[in-house]
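Work out the full structure, taking the sequences as your base and the hints as a guide.
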Amino acid sequence: MRMSRLFLRTLRDAPGDADVESQRLLVRAGYIRKVAAGVYSWLPLGQRVLRKVEQIVRDEMDDAGAQELSLPIIQPLELWEQSGRDALYGPLMFRLHDRKETGFCLAPTAEEVITATVRGEYSSYRDLPVNLYQIQWKYRDELRPRFGLLRGREFLMKDAYSFDADVEGLRESYRLMYDAYHRVFDRCGLTFRPVQAQSGEIGGDVNHEFMAVAAVGEDDFVWCRSCNYAANVEAARRRDPDPVATNGDEAALEPVHTPDMPGIAAVAQHLGLGEDELLKCMAFEADGRLGLALVPGDREVNEYALGTALAGSKFALLDEDGFARRSSLPKGYIGPHHPDVELIVADPSILARTEWVTGANTTDHHALHAVPGRDFTITTVAPLTAVVTGDACPNCGSELSVDRGIEVGHVFQLGTKYAELLGAVYTDEHGAQHPMVMGCYGIGVSRVVAAIVEEHHDGHGIAWPASVAPYAVHLVALAGKGDAAAAVRDAADHLYAALRSAGVDVLYDDRDSSPGVKFADADLLGMPVQLTVGAKGLARGVVERKIRASGVRDELAVDVVVDQMVASAMT
RNA sequence: CGGGGAGUGGCGCAGUGGUAGCGCACCAGCUUUGGGAGCUGGCGGUCGGGGGUUCAAAUCCCCCCUCCCCGACCA
1311 MRMSRLFLRT LRDAPGDADV ESQRLLVRAG YIRKVAAGVY SWLPLGQRVL
1361 RKVEQIVRDE MDDAGAQELS LPIIQPLELW EQSGRDALYG PLMFRLHDRK
1411 ETGFCLAPTA EEVITATVRG EYSSYRDLPV NLYQIQWKYR DELRPRFGLL
1461 RGREFLMKDA YSFDADVEGL RESYRLMYDA YHRVFDRCGL TFRPVQAQSG
1511 EIGGDVNHEF MAVAAVGEDD FVWCRSCNYA ANVEAARRRD PDPVATNGDE
1561 AALEPVHTPD MPGIAAVAQH LGLGEDELLK CMAFEADGRL GLALVPGDRE
1611 VNEYALGTAL AGSKFALLDE DGFARRSSLP KGYIGPHHPD VELIVADPSI
1661 LARTEWVTGA NTTDHHALHA VPGRDFTITT VAPLTAVVTG DACPNCGSEL
1711 SVDRGIEVGH VFQLGTKYAE LLGAVYTDEH GAQHPMVMGC YGIGVSRVVA
1761 AIVEEHHDGH GIAWPASVAP YAVHLVALAG KGDAAAAVRD AADHLYAALR
1811 SAGVDVLYDD RDSSPGVKFA DADLLGMPVQ LTVGAKGLAR GVVERKIRAS
1861 GVRDELAVDV VVDQMVASAM T
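So for the first sequence, my numbering puts the first residue at 1311; every next one is plus one.
Don't read these hints as lab results, they were simulated from the structure.
Quantities reported herein were computed from a predicted structural model and do not represent experimental measurements.
Hints are not guaranteed to be accurate.
As the list claims (entries may be wrong) - Restraint ranges, calculated between C-beta atoms of paired labels, are given here:
| hint | residue 1 | residue 2 | range |
| --- | --- | --- | --- |
| 1 | PRO1553 | GLY1584 | 17 to 25 Å |
| 2 | TYR1614 | ASP1327 | 29 to 37 Å |
| 3 | SER1878 | ALA1626 | 55 to 63 Å |
Claimed, not checked - Derived DSBU-like pairs: lysine-lysine, alpha-carbon spacing no greater than 30 Å straight-line:
| hint | residue 1 | residue 2 |
| --- | --- | --- |
| 4 | LYS1727 | LYS1624 |
| 5 | LYS1846 | LYS1791 |
| 6 | LYS1846 | LYS1856 |
| 7 | LYS1641 | LYS1624 |
For glycine and all other residues, C-beta sits at the position ideal for the given N, C-alpha and C.
See below:
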C-alpha cells in the first residue's frame, strides 16, 4: 500500500478523552476513531489488524474442530424472556422495537439463539458432539464505557458453543477450547494466564478466564510465579497459616477505653499493636440469622469466600440500614462474644494466634485477650480473607502475586441450563431424552487488539507482533536532492514492487514528506520491520533495516532484501 | 444513579460582556531534505443545543444533550 493513497491521518496530539495508552496510540496512529462513547470506527489499518486477530482465532477454532456460522445481531426479546436473562441483563441490553412493537435486542451474547438453533436441527446422540462459533459484533450498554476498545459498547467477539451428550463429552470439548485459547493468545503475542473464575451471569460450573497481564486491566487476579496456580481474586486462596494451641494461661478478657475509634487502624495505633493483632468482625445476616465473619484486622473479607463457607445460604453483609435495625451491634466496636450472634465463621488464621484484641460490643471500648474457644465459639472455620501479594501459594507455598489483567477470553462449562430452559434435547441410544450438555467460549477480538497494544508499545508508538501487524514491512523512501532523489525514488519503487510480488505485505511511504515525519510515523504505526531507502545507503548499494520492537538496525544489500524479508516472514 | 470537571475549525488549546484567536493538520508558492523543517499567502468555526438577560453573550442565568473523572460496605 502506498501511503500517499492510504486513508490515514496521524495525529501529533491524542484526543483529550483518551484514557489508556492503547486508545491514545490507536487513535493517534489512525487505526481507529471514536464515534460515540464506547463505539469506534476501524479505519483501514485498524481493520487489517482486526482481520489478522480474527484469522488467528478462526484458524485455531477450525483446528479444534469448531464450525463457523453467523448468528443475527438483532435478536427477539422473546428468547431472552424464555431463558430469564431478559431481566438479568436489564438495562445492559440495547433494546429496540420493530414497527409492530415487537421487542428486540442487540445481541450482548448468543447462548439463547445458538441453543434454539441447535434445538431446531439436532435431536440425536448420533449428532453430538458439535461445536459452533461465530465472530460477530456484540452490544452492551455499559454503565461506564471506558478505556477505549477495552470496554466498549460495541465490540467484536468470537463466541463458540459446544453441545455434548454428557459431562464427559463436555469436559473434552472444554479441554479442546482451553488448549486452543493458549495457542490463540500465544500467537497474538500476549502474556496471559488462565485463571479459575466465577461464572458471573452466564451460569454454570467450571470456568477459566484468560487474563492478559496489563496495568490498565479492570480485574485483579492472583497467580503464583513458581507454579501454575492462578485464580480470580475472588476465587483465590492462600496457604493457611498453621494453628497454634492455646497455653491456657492467657489473661482474662479485659476492656479498654478506645474513644472515637471505630476503625482498625486507629485502635492499633492507640494500643501500639499491629493491625494483624486485632480481630475484624464483619456482621452479616444469613437466612435471617446474625453472623460474624472473623478475619485478622489487616485483612479484608472475601465475600465470595464467605458465600462458599455459608454453603448456599442467602446472606449479605450488614449495610447502614442493617446496623440501624440491629441497635445492639455497635459498628466499629463489635466483638465475637456478642449474645445476639448466632454463628461465627472464622478464617483459619484466627486459630494461628492465641489471643486477639477485639471490639467490646460497647461503643468506645475494645477488649484485650479474646481467646478463641474460651471467649467465643467458632461455628465454622473456612478461608475468608482476600488474598494479597506476598501470601503463600496454596499449591507450592511460594509467593503469590496480585496483578491486574485484561480479560481477553473466558471458557465455561455451562451444563444443561440453557438446554433445559430452551428445550435443546436429544434422544439417546435407548430412546430416552436428555438435555444437551453445553459449554461456551468467548474471545474479545477487538479487546485483544487493545491488549496487544498495551503490551507492545513504547514512547514512540506501537510495535506490533508480526502475527497481527497490518503490514509486515514499512518501506520508507527518503527524498533526496536532484538526481539522488530520482534514484532513491526509483530504487524504492522497484523494491516495493519486488516485495509485493514476493508476497510480502508492504506499507510504502512514498509521500513527499521530510525524513523526520516519515520516521516518526513509521515508529508510531508500528510495523515490525522498517526498511529505509536513502541516497547515502543507495550509493553503497544498501538499505537500512530497523526492527521496530528492539530498535536494532543493520544494513542489507539491495539485492538480498527481498529474500531476507521472505525468509524472516517464514520464521 | 449520586458527586466533580469539560464541550470553541479535523486534533491540541487560549479567550470572564464589545462581535473569535494560537499551535498542529490541510491548500498554494518558494526554500529545505537522515528523526515530527522555514518563510509567505490561504481554506476552514451558527463557540454542544434551546431559551432568557443585555444596546451588545463563547463569556451572565435557566433547561437539555454529549464527553471525561470519582463514587459500593472492611466495622
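Going through the hints against the structure:
{"no.": "1", "hint": "PRO1553 to GLY1584: 17 to 25 Å", "in the structure": "holds (19 Å)"}
{"no.": "2", "hint": "TYR1614 to ASP1327: 29 to 37 Å", "in the structure": "holds (34 Å)"}
{"no.": "3", "hint": "SER1878 to ALA1626: 55 to 63 Å", "in the structure": "holds (59 Å)"}
{"no.": "4", "hint": "LYS1727 to LYS1624", "in the structure": "holds (21 Å)"}
{"no.": "5", "hint": "LYS1846 to LYS1791", "in the structure": "holds (11 Å)"}
{"no.": "6", "hint": "LYS1846 to LYS1856", "in the structure": "holds (16 Å)"}
{"no.": "7", "hint": "LYS1641 to LYS1624", "in the structure": "holds (22 Å)"}
In summary, the structure agrees with every hint in the numbered list given earlier.
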